[in-house]
Amino acid sequence: MNHYLLLIDRISAWTGKTFAWTVVLLTLIVGYDVTMRYIFNAQTQWGFDLAYILYGILFMMAGAYTLSRNGHVRADMMYRTLRPKTQAWFDLVLYLLFFLPGISALVYAGIDFAHVSWQMREVSSVTSSGVPIYPFKLAIPVAGFLLLLQGFAEIARCIVCIRTGEWPRRLHDVEEEDIDQLKKIISDDPVKGA
Amino acid sequence: MQFRNLLKLEARTIGFGIIGLILLGYLLFLPPPSQITNAHLGMVMLGVIIASILLGFPIAFTLIGLGILFGFVAFGRSGVPLLESPIFDNMVLRTYGVMTTDVIIAVPLFIFMGYIVERSGIIDRLFRSLELAMSAVPGALAVATIATCAMFAAATGIIGAVVTLMGLLVLQPMLKAGYDVRLSTGAIAAGGCLGILIPPSVMLILYGATAGVSVVQLYMGALIPGIMLSCMYVGYVIVRAIINPKLAPRLPVEERNVPFKEIVKMLATSVFPLAFLIAAVLGSILFGVATPTEAAAVGALGAALLAACYGRMSLTRLKESVFLTSRTTAMVCWLLVGSWVFSSTFATLGGQNLLESWVYAADLSPGGFLFFSQLIIFLLGWPLDWTVIIIIFVPIFLPMLPAFGIDPLFFGLLTAINLQTAFLSPPMAMAAYYLKGVAPPHVTLADIFYGMVPFMLLQLAAMILLVLFPAIGMWLPSVFYQ
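Chains as they are written, first to last, in our numbering: chain D, 1 to 194; chain R, 1 to 482.
Heads up, some of the hints might be wrong.
Below 27 Å or equal to it, Euclidean Cα-Cα: the simulated DSSO-like pairs (lysine-lysine) are [as the list claims (entries may be wrong)]:
no., chain 1, residue 1, chain 2, residue 2
1, R, 246, R, 436
2, D, 137, D, 17
3, R, 176, R, 436
4, D, 17, R, 436
5, R, 176, R, 246
6, D, 85, R, 246
These aren't lab readings, by the way, just hints derived from the structure by calculation.
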């Protein structure tokens with residue numbers, strides 16, 4: 001069971017991390033665009049289109065990855081005082097009540113939306129660059145599908161927790177790792193001894 | 001430990017109490033099912049969202065789910081078949097709207113820049129050289145902490161990480177130097193929250209995107225209040241250290257006795273390059289040379305270059321920054337998707353109109369409206385992340401601003417300071433929990449809370465100053481936009 005859950009975690013993490021690199025591309029393209037404008041007085045047309053496409057892909061595709069790391073913001077002032085079993089019950093009910101209908105609807109509506117755009121091979125209407133945006137619209141159903149998959153893993157985790165009384169292991173616990181990383185950055189510093 | 005248990009109990013009582021009150025309210029005030037109008041449903045929606053947020057479910061999905069379910073009901077009542085419900089179009093168009101709003105492109109870029117600066121150890125150097133440069137000032141370590149935080153805030157727009165990082169970096173040295181626990185933790189927590197206000201704050205970008213206010217003007221407006229607040233913090237620490245030197249003992253002579261040349265050299269290699277980067281990024285935005293997006297991209301490149309010059313750029317560090325950026329961006333932007341879907345249904349139901357008619361019926365003066373709206377934001381700021389408040393709750397007030405003659409720019413600045421204040425206010429203050437997570441065990445949560453209170457009062461004073469003299473925030477934008 002846990003094997004499959006970790007597999008889903010891995011799929012989400014892989015797609016999220018792969019598309020995370022769009023932020024580097026975004027930085028470079030916007031940087032290039034500014035340079036072209038000020039130094040060569042020749043701003044590109046496609047630069048603007050590509051910028052929002054990369055930004056949109058970045059956050060859409062990271063949705064499931066962020067969910068797998070429990071990174072979507074929740075107001076946990078009350079939640080964290082509850083026993084794991086109670087937490088799991090709350091989560092389970094709300095996943096079934098809100099998450100599944102909401103994200104299923106997003107996938108359903110997104111397929112239609114992307115399909116129409118794909119059929120007419122839609123290009124950007126923001127600038128006259130002719131940058132195709134139909135693959136970009138595909139990001140909505142794909143991201144929704146990945147979220148749905150990760151959502152099923154989370155639901156399974158809730159059920160395991162209700163049965164056993166403790167949360168099953170995740171791919172790894174980011175919060176602690178993060179603090180360790182920060183500690184390492186500080187202790188690495190060559191200036192410290194000086 | 002006991003203090004903590006008490007808090008736990010309180011949080012639970014308050015939480016379930018509010019949920020109970022909402023349910024009771026519905027039982028008492030809702031008409032029988034046959035007479036329920038769409039606007040009533042809108043109010044139910046608002047109550048359900050508050051209750052489900054308190055239950056601790058990821059807020060973005062609560063919003064999407066509620067937007068869809070209530071949308072079904074609203075359109076279903078007028079006889080539209082389920083699978084053809086216009087709510088599907090609404091939802092996908094709102095989602096696509098978030099994906100194509102060009103102002104928000106600056107958000108991942110500023111977050112990226114912030115993570116590069118954070119991971120590159122620039123902050124570490126910054127603190128150490130500021131500490132040496134200021135060793136003659138009373139309360140040197142605390143002053144250097146606040147100065148470092150202010151500079152870091154000007155280089156990034158994220159806050160939780162700053163409190164954690166500064167806690168790891170400076171708390172131990174301060175305690176070792178004999179600093180008072182409360183003064184030290186207070187300075188770290190307060191300084192770490194400056195990023196909400198000081199440009200290039202991500203919060204102001206999101207506010208600008210939802211309120212339709214120019215981000216550039218918001219940055220201009222926030223500049224002077226941000227500097228003012230930092231100076232108030234520094235002034236407070238110095239005064240405390242002069243009145244009672246025991247709270248902040250001077251560094252031992254051998255540590256203080258660094259040759260002047262050495263200090264200049266350290267400043268030249270740490271403070272000046274970062275200061276130059278900040279000035280370039282903010283300057284180009286404020287003088288209209290570049291859009292926030294462009295400035296953010298150049299800033300991220302500059303930060304990477306700076307990190308490379310320090311020999312601190314590696315593939316691992318870059319990877320960490322990239323992945324953290326994607327997660328933080330996804331968190332913020334999915335919240336936006338949820339909020340836009342939710343508010344679309346809320347408006348369709350007429351909930352927003354009903355709410356507005358109630359507020360107008362209360363016949364408030366502009367000052368009264370300002371007071372109550374900010375009070376609500378402050379109270380929400382206890383349990384909720386600032387992203388949630390800016391993206392979900394502030395937009396409810398925004399359409400009412402013109403009726404009271406309040407400039408949305410001014411409202412945004414006030415909200416930014418207000419949220420900082422809420423972050424420092426016990427018993428829910430998030431900053432305290434971030435700091436407690438990295439503090440040595442003998443530092444209790446109660447110590448941190450006591451330490452934060454004076455800084456919180458300074459924030460309140462700053463808010464009152466801004467209300468009494470709006471020019472503090474509005475003067476700079478008015479000069480540039482004549």
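Each hint tested on the structure:
1. 246(R) with 436(R): 24 Å, holds
2. 137(D) with 17(D): 20 Å, holds
3. 176(R) with 436(R): At roughly 17 Å apart (the allowed maximum being 27 Å), residue 436(R) and residue 176(R) satisfy the hint.
4. 17(D) with 436(R): At roughly 30 Å apart (the allowed maximum being 27 Å), residue 436(R) and residue 17(D) break the hint.
5. 176(R) with 246(R): It holds: about 13 Å lies between the C-alpha atoms, which stays within 27 Å.
6. 85(D) with 246(R): 48 Å, violated
Hint compliance for this structure: hints 4, 6 are broken, all remaining hints hold.
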